[in-house]
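Trainee: Here's the letter readout for the chains.
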Amino acid sequence: MPGVLELSVDAKGRLTELRTVSETAEAGDRNARKQLRRLVCSSSPEVIAEASDIAGRAQWMLVKTISAGEPLMQEALQERMHQMRAEIASENPTPLEVLLTERVVAGWLLVEVLEGLICAQYQRDVTAHRVPPGHVIQQSRILESATRRYLAAVRELARVRKLQASGAPASFRR
Amino acid sequence: MALERRDGNIYYYLSVRHGERVCKIYVGAGEFARIFAEGAILRRTSRKAQREGEKAELERLEALVVPVEELSEAAEDLVRAHLVAAGYHRHRGEWRRARSA
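So the protein sequences, as listed, match chains U and P.
Going by the working numbering, the first sequence opens with residue 1442, and the numbers climb by one from there.
Going by the working numbering, the second sequence opens with residue 4, and the numbers climb by one from there.
Isolated chain U (complex conformation) (with noise of 0.2 Å):
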């Protein structure tokens, strides 16, 4: 039974069969190729709103982890997340690049969540514990790994607007 953060099994499934007849495709299979366009017409728009609508509620735990209850720190980083989209997403934009954007403005949210959490470590009391080396090393194994994650989103949206500009292919166009 998955959890309200975690795409529904029918979603999974979707998604383990686009990548499956992906790769078919990919290897140069045309009936794959006509399998995956009537898959990414019937398939794709119910998962990308599932994942929207995750990417939403994912924000808004982290929104609530970052500001600790307080109403006005959630208002101003709601803020800032709403004027993030409004500057990453182009106008009309379609399903893929909302959730595209959803997905850059989720990793920037978490890698501020994770050095903000990280970085409270550093300015406890000088004479509490001490944080082990071992920790600290894992934090920043999971601080990284956010870091890379989030960057890739960003060429991931820009890449799929370099190829929308360049050959505006049907299941990009608005």
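Honestly, the hints are just simulated from the structure, not real lab data.
There could be a bad hint or two in this list.
The calculated lysine-lysine pairs, modelled on DSBU-like cross-linking and capped at a C-alpha distance of 35 Å, are [what the hints assert, rightly or not]:
{"no.": "1", "chain 1": "P", "residue 1": "Lys51", "chain 2": "U", "residue 2": "Lys1505"}
{"no.": "2", "chain 1": "P", "residue 1": "Lys27", "chain 2": "U", "residue 2": "Lys1505"}
{"no.": "3", "chain 1": "U", "residue 1": "Lys1453", "chain 2": "U", "residue 2": "Lys1603"}
{"no.": "4", "chain 1": "P", "residue 1": "Lys58", "chain 2": "U", "residue 2": "Lys1453"}
{"no.": "5", "chain 1": "P", "residue 1": "Lys27", "chain 2": "P", "residue 2": "Lys58"}
{"no.": "6", "chain 1": "U", "residue 1": "Lys1453", "chain 2": "U", "residue 2": "Lys1505"}
{"no.": "7", "chain 1": "P", "residue 1": "Lys51", "chain 2": "P", "residue 2": "Lys27"}
{"no.": "8", "chain 1": "U", "residue 1": "Lys1475", "chain 2": "U", "residue 2": "Lys1453"}
{"no.": "9", "chain 1": "U", "residue 1": "Lys1603", "chain 2": "U", "residue 2": "Lys1475"}
Please read all numbers here as calculations on a predicted model, not as lab measurements.
Assemble chain P onto chain U, guided by the hints.
Mentor: Here is chain P on its own, set in the frame of chain U:
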């Protein structure tokens, strides 16, 4: 570390490993041994609580990461499916449009 009772007295020893051998080092007897043993129990409990706190903190960080990771993976699969369906293919990591597409 151990508290030992012999002939009605209590003695406190530290266990120290030297390679494959473990040596017992005498620390003290009587009331001093009891205080030292209680201090050792407190230190052990405190270290265990610290370790558990650190583990819980890492789990908390990982729980924040999971939904964003899942979102990223879903987005990557969807982008790939859209691009391949639109006639693109990857050439050395770069997406290119097939001439026939």
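Trainee: Now look at each hint and say whether the structure bears it out.
Mentor: Hints versus structure:
| no. | hint | in the structure |
| --- | --- | --- |
| 1 | Lys51(P) to Lys1505(U) | holds, 29 Å |
| 2 | Lys27(P) to Lys1505(U) | violated, 53 Å |
| 3 | Lys1453(U) to Lys1603(U) | holds, 28 Å |
| 4 | Lys58(P) to Lys1453(U) | holds, 30 Å |
| 5 | Lys27(P) to Lys58(P) | holds, 33 Å |
| 6 | Lys1453(U) to Lys1505(U) | holds, 27 Å |
| 7 | Lys51(P) to Lys27(P) | holds, 24 Å |
| 8 | Lys1475(U) to Lys1453(U) | holds, 21 Å |
| 9 | Lys1603(U) to Lys1475(U) | holds, 24 Å |
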